[in-house]
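Line by line, the protein sequences are chains A and B.
All residue numbers for the first sequence refer to my numbering, where the first residue is 156 and numbers rise by one.
All residue numbers for the second sequence refer to my numbering, where the first residue is 1192 and numbers rise by one.
What the hints contain is simulated information worked out from the structure, not anything from laboratory work.
Just so you know, not all the hints are guaranteed correct.
[Said to hold, decoys possible] For lysine-lysine, the following BS3-like pairs were computed, each having C-alpha atoms within a straight-line distance of at most 30 Å:
1. B:K1400 <-> B:K1366
2. B:K1264 <-> B:K1366
3. B:K1214 <-> A:K165
4. B:K1366 <-> A:K157
5. B:K1452 <-> B:K1354
6. A:K157 <-> B:K1231
7. B:K1197 <-> A:K157
8. B:K1366 <-> A:K311
9. B:K1276 <-> A:K279
10. A:K300 <-> B:K1366
11. A:K268 <-> B:K1276
12. B:K1383 <-> A:K268
13. B:K1213 <-> A:K157
14. A:K311 <-> A:K279
15. B:K1456 <-> A:K279
16. B:K1279 <-> B:K1366
17. B:K1383 <-> A:K157
18. B:K1197 <-> A:K165
19. B:K1197 <-> A:K268
20. B:K1264 <-> A:K300
21. B:K1264 <-> A:K279
22. B:K1452 <-> A:K294
23. B:K1383 <-> B:K1339
24. A:K294 <-> B:K1456
25. B:K1242 <-> A:K165
26. A:K300 <-> A:K311
27. B:K1383 <-> B:K1354
28. A:K300 <-> B:K1279
29. B:K1197 <-> A:K279
30. B:K1213 <-> A:K279
31. B:K1279 <-> A:K268
[What the hints assert, rightly or not] Over 12 Å on every C-beta distance to chain A, these chain B residues come out as not near it, computed from the model:
32. N1198
33. S1210
34. L1424
[Unchecked claim] Sample of chain B residues at the chain A side, in silico, Cβ under 8 Å:
35. W1199
36. S1365
37. F1369
38. L1373
Cβ atoms here follow ideal geometry from the backbone N, Cα and C, with glycine treated the same way.
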Amino acid sequence: MKINLTINGKSRTLEIHPSETLLETLRNNGFNGVKFGCGTGDCGACVILLNGEPVNSCQILTAAVEAESITTIEGIGSMDKPHPIQEELVKAGAIQCGYCTPGIVLSAYALLKSNLNPSIDEIKNGIDSHLCRCTGYVKIIEGIKNAAERMSSSPKHCFGNKSQ
Amino acid sequence: MLVNVKNWYRPESVTGALSVMKKGGVIPYAGGTSFHRGGKITAAGMIDLRKLDLDFIHETESGTTIGACTRFKDIANYDFTDGRKILKEACSQAASTSLRNLITIGGSLSSIPPWSNIPAALLALNAEIEIAGTKASKFGIEKFLTEKPMDGTSLITRIYIPKSSGFGIYYRYSKTRFDYSLVDTAVYIEVKDEKIETIRIAVGNLLPKARRLPNLEESLKGLPINSERIADLVDKLEINPTSSSIASKEFRSNLVKVFIKRAFKQVG
């Protein structure tokens, strides 16, 4: 079956199987920043933004997001132009294997878009979907806090992508 | 995991959805989070419920009406000011942020997964569940949980929460924030002239299904809200939790008593 949706600000028409998950569709179409972790919604590696809100793409059938807007990590930043959240996570030493990082960046992005001055508890709640088996969470929380402080000086620049 | 799905139906009314369901072999799809928890589910077709206009929270003279496709996130963010905040607490503590953005109250009620926090909360609030289809009726929550009327040709459409002018308290215990709860407890108390006038206590994730504790409720009714007898009566509660590999029956049984006593302390 065919489905129309917007991915990272661009309209796409994709051929999908009716049983296919959004995680499978995205990876099959080159959005490899979204990761398969547990497949049961427990680890957060597959988190993407659906209409600006973090969701587990392994829990969604692609056919259910007809005409909706998807943002993957590729729509947030790139190797050449990383998003401030990505830069601050690197600076804080919050990344080792990096497998959980795309999902965490997207959850942090959604959190900071609604609250640029989050408390530590609000950050913990904002990333409560994510398991990181390398760093623990102290450095991740520190990186998000630093990103919030940096982004609060120019929020328009940091949330400027029309896809979100 | 869903397999063999061939069609997606996108009805724009409850009647349209029910006529598709009558064909058989189709599964309603709202949040979608019940389908990927292990095991294969075969379905010839899926019915997308998102265009049925069942995503709302309305206030009426008698209480709050919640559409079945309303997400936990929206209930958690809703400004319940009276005892109805039990439901807000239950939804805000369930699962994770990204799952609460998907899980719907109707979906959680129709499948009643072991991780659902809402049965205890709805029991303490005396909620009613409206169903359309072959079992069309408005079920009290206790009857709904007992009879399990969802038969493949019925849809939950609305949840009614009566006005609750008293105190509503909800506790949930899990080993980690995101884990399934080992026990959750919802307590609703109305006090008049310093005495307990109305009391509803419900426990979930402790017994095979969530239920009220009518004997305890009856013994507490009429007591002064600060009475020392409350703790004694709660301590005498006999409850036999289902086994859990994570915590002993004694621990979980004791936890319920601590939660109930804590609720009274909070009110008193």
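Here's how the hints hold up against the structure:
For the suggested pair B:K1400 and B:K1366, the alpha carbons sit about 21 Å apart, so the restraint of at most 30 Å is met. At most 30 Å may separate the alpha-carbon atoms for a hinted pair to count; B:K1264 and B:K1366 meet this at roughly 22 Å. Distance hint between B:K1214 and A:K165 is unfulfilled; the C-alpha atoms sit about 37 Å from each other, more than 30 Å. A distance of roughly 43 Å separates the Cα atoms of B:K1366 and A:K157; the hinted pair therefore is violated under the 30 Å criterion.
A hinted pair counts as satisfied when its Cα atoms are at most 30 Å apart, and B:K1452 with B:K1354 qualifies at roughly 24 Å. At most 30 Å may separate the alpha-carbon atoms for a hinted pair to count; A:K157 and B:K1231 meet this at roughly 24 Å. With a C-alpha separation of about 12 Å, the suggested pair B:K1197 and A:K157 falls inside the 30 Å cut-off, and the hint holds. Proposed proximity of B:K1366 and A:K311 is contradicted: the alpha carbons are some 40 Å apart, above 30 Å.
With a C-alpha separation of about 22 Å, the suggested pairing of B:K1276 with A:K279 holds against the 30 Å cut-off. For a cut-off of 30 Å, the pair hint linking A:K300 to B:K1366 stands: about 26 Å separates their Cα positions. Our distance criterion of 30 Å between C-alpha atoms is met by A:K268 and B:K1276, whose separation comes to about 27 Å. For the suggested pair B:K1383 and A:K268, the alpha carbons sit about 45 Å apart, so the restraint of at most 30 Å is broken.
The suggested pairing of B:K1213 with A:K157 holds, with an alpha-carbon distance near 26 Å, which does not exceed 30 Å. In summary, the hint linking A:K311 to A:K279 is supported, as the alpha carbons are separated by about 24 Å, within the 30 Å threshold. The straight-line distance between the Cα atoms of B:K1456 and A:K279 is roughly 29 Å, inside the 30 Å bound, and the hint therefore holds. With a C-alpha separation of about 21 Å, the suggested pairing of B:K1279 with B:K1366 holds against the 30 Å cut-off.
For the suggested pair B:K1383 and A:K157, the alpha carbons sit about 61 Å apart, so the restraint of at most 30 Å is broken. Restraint check for B:K1197 and A:K165: the C-alpha separation of about 27 Å stays at or below 30 Å, so the hint holds. For the given pair, B:K1197 sits about 38 Å from A:K268 by alpha-carbon distance, which is inconsistent with the 30 Å threshold. Note on B:K1264 and A:K300: the hinted pairing holds, with a Cα-Cα distance of about 23 Å set against a maximum of 30 Å.
Between B:K1264 and A:K279 the alpha-carbon distance is near 16 Å, which keeps this suggested pair within the 30 Å criterion. A distance of roughly 39 Å separates the Cα atoms of B:K1452 and A:K294; the hinted pair therefore is violated under the 30 Å criterion. Only pairs whose Cα atoms come within 30 Å are accepted, and B:K1383 paired with B:K1339 is rejected, the gap being roughly 36 Å. A threshold of 30 Å between alpha carbons decides the hint, and for A:K294 with B:K1456 the separation of about 38 Å lies outside it, so the pair is violated.
Restraint check: the Cα-Cα separation between B:K1242 and A:K165 comes to about 24 Å, which is no more than 30 Å; the hinted pair holds. About 18 Å separates the Cα atoms of A:K300 and A:K311, which keeps this hinted pair within 30 Å; it holds. For a cut-off of 30 Å, the pair hint linking B:K1383 to B:K1354 stands: about 17 Å separates their Cα positions. Restraint check for A:K300 and B:K1279: the C-alpha separation of about 27 Å stays at or below 30 Å, so the hint holds.
The suggested pairing of B:K1197 with A:K279 is violated, with an alpha-carbon distance near 40 Å, which exceeds 30 Å. Taking the CA atoms of B:K1213 and A:K279, the gap is about 45 Å. The hint is violated against a cut of 30 Å. For the hint linking B:K1279 to A:K268, the alpha-carbon distance of about 23 Å falls within 30 Å, and the restraint holds. Residue-level check failed: B:N1198 sits 7 Å from the nearest beta carbon of chain A, not beyond 12 Å.
No Cβ of chain A comes within 12 Å of the Cβ of B:S1210; the nearest lies about 20 Å off, and the non-interface call holds. Its beta-carbon lying about 36 Å from the closest one in chain A, B:L1424 satisfies the requirement of being farther than 12 Å from that chain. Interface restraint check for B:W1199: the shortest CB-CB distance to chain A comes to about 5 Å, inside 8 Å, so the restraint holds. The beta carbon of B:S1365 is not positioned within 8 Å of any beta carbon in chain A (closest approach about 12 Å), and the interface hint is therefore violated.
Hint status for B:F1369: holds, given a least beta-carbon distance of 6 Å to chain A, under 8 Å. Taking 8 Å as the C-beta contact cut-off toward chain A, the hint placing B:L1373 at the interface is violated, the least distance being around 17 Å.
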